[in-house]
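Build out the structure end to end from the sequences listed, making use of the hints.
Going down the list, the protein sequences come from chains A and B.
In terms of our numbering, the first sequence opens at residue 2 and continues consecutively.
In terms of our numbering, the second sequence opens at residue 2 and continues consecutively.
Keep in mind the hints are simulated off the structure, nothing from the lab.
Be aware that a few hints might be false.
Which copy is meant is left open, because identical chains are indistinguishable; a pair holds if it fits in one copy or across any two.
[Said to hold, decoys possible] With a Cα cut of at most 20 Å, we get these calculated SDA-like pairs of lysine to any residue:
no., residue 1, residue 2
1, 29, 215
2, 154, 91
3, 192, 327
4, 138, 360
5, 216, 327
6, 216, 320
7, 29, 293
8, 138, 7
If you're wondering where the values come from, they're calculated on a predicted model, not measured in any experiment.
Residues per chain are reported as follows:
Number of protein chains: 2
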Amino acid sequence: MKIDGVPYRSVWVDREDGWSVRIFDQTKLPWAIDILRLADEDQAAHAIRSMQTRGAPLIGAVAAYGVALAMRRDASTAHLDSVVDMLGKTRPTAINLRWALDRMRAALHNMAPADRVAAAYAEAAAICDDDVETCRKIGEHGLPLLQEIAARKAPGERVNVLTHCNAGWLATVDYGTALSPIFQAHDAGLKVHVWVDETRPRNQGAALTAWELGKHGVPHTVVADNAGGHLMQHGEVDIVIVGTDRVTRQGDVANKIGTYLKALAARDNGVPFWVALPHSTLDMRVRDGVAEIPIEERAEAEVTELTGRTADGRIETVRVVAEGSPAANPAFDVTPARLVTGLITERGRTEASEAGLAALYPDKA
Amino acid sequence: MKIDGVPYRSVWVDREDGWSVRIFDQTKLPWAIDILRLADEDQAAHAIRSMQTRGAPLIGAVAAYGVALAMRRDASTAHLDSVVDMLGKTRPTAINLRWALDRMRAALHNMAPADRVAAAYAEAAAICDDDVETCRKIGEHGLPLLQEIAARKAPGERVNVLTHCNAGWLATVDYGTALSPIFQAHDAGLKVHVWVDETRPRNQGAALTAWELGKHGVPHTVVADNAGGHLMQHGEVDIVIVGTDRVTRQGDVANKIGTYLKALAARDNGVPFWVALPHSTLDMRVRDGVAEIPIEERAEAEVTELTGRTADGRIETVRVVAEGSPAANPAFDVTPARLVTGLITERGRTEASEAGLAALYPDKA
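Here it is as structure tokens:
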């Protein structure tokens, strides 16, 4: 996607040195476009852990490059195993991380160490290219949902989509998952408007999704995470589309904390609730998402403190919770399949069920 | 309630001059205890509109004193009518405002103007005293709910209550509504722990409820508004208790935006969802809350900006939404009666239905 006319992916190999890995520091957005340079696997791990880079598909891609960086230092099998293990522990909920690391290990394991550096960069690049194509196709398969809503409306009436967190191009290598159909709809001339959940505690909606949509010219309005139910009660939401960090065999959906509440409101108001995902987000080894998906508990300070820009342009971090009061910070929740209208994947749309997933992914079943 | 050992109400007549009205500037809490002096009805109106004073029962009490202040300047019937009208328009959703103003007008209307100042102060004081006693009784009638949960638990296991927004003593004249049973339970030695919803966009949970509970020594944990559903899915919430700004004849509940989402999660997980209210919050003229209760739309800046304290103690306001992105700010939502386990009032507990309310309030039916 473009920032002020310049095309970017969210992770790339430095064009000058040809080996270091570049990412946006997403903790600085939207106030500064700060491009980080990752020179080894520890820097890659830190970037993932600290959420300088984030989004289920993207952390898979960055972890893949982390393996490539590690191979530059030491291409032994022991090091390959240990770096895959180390990077796999950086964040627990998104399955894409493990998927990408498994793919890297499979590509490199039975290979002479001398060949591993070049092969690792090639495999990481392939993971990125695949993700871009996958996300483009997710957009194609999601687009008809928005077109159908537009067709039922009076000419000129806007299609209102609600989304939670950031599942845009910053969460993937390019295009995004949940936002991909929205970008395509907008580019096709559909009058689409997005309700952007702020997404506390890290404000990925207010900071990243709003910024992405704004840069692309897509009409949108930021709302507190509390507002979605009220908007749905009053007919202001035609469809909810969110991304996901892991979808189980039976179609349960782990995603940013608060997604489950929006799914409940969608069901209560007859609003379709769709989840957009690439194949790498499927975890067929897990059935019951609520019971089995590990939910990351992140630092208390993410709830008690907030960073933003003052009127005179300084970046400040302020405490917003009464002094002495503790906070808890579960980062994800699980939306049971029964609340999900359907899944949008690069292979098409399907229902969120074992049968639905098996029909689309017989190779994974 | 006490702040550092000193007893306070949330509104009182100045002890020195005997006529000006004192309130806490709740927009400054918890960072500063700033006591404002209201000298006329316009200052009272501004305090209500700007949410320096807030909470459905409390804005009724402050409006009542606003009428008393107005009578000092001009005790004519025309001025009485106009000030009641003006104060009634300061905020649209909480019905207590209209209730208190109707009570003031009824008390003063058929009285010689010369008698109105003294009578207005007496009536406002009676409204406050009634509210204190009402809230104390709400605590008594809510307490058994917490005791029953404790009785079902292993000895020493905590009772987990989730609350949204601030329905503590700062939202009333004293004791609070939703927090009144919690304070009583804690004082009675029950091991109670409160999940405090941050309550975006104005953070009344993180700033006020957490502060109140902290000052009283009640164990609590602040969570993002997004977290409640996840906590309920994992058995971490035994009961939800919230306050309300208006309850309709059929038991629909207007309360801070986001309450409806928590009620949906409570139902989905079999968690009891109770609403605490004084009689002054009942609006028997309205039946369908979703269709009929006016929902206040507040300023965009309440969503796009946040105020807090820096590590070195400065109070700063920061923008947290990407530059150029608009925001919407509906301040309340309506939870349909079907999602409400029951109502806790000063007369006892009842179901959220026309029959339930008629049984408890035959004088209002």
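Which numbered hints turn out to be false for this structure? Hints 2, 7, 8 are the ones this structure does not satisfy, whereas the remaining hints hold.
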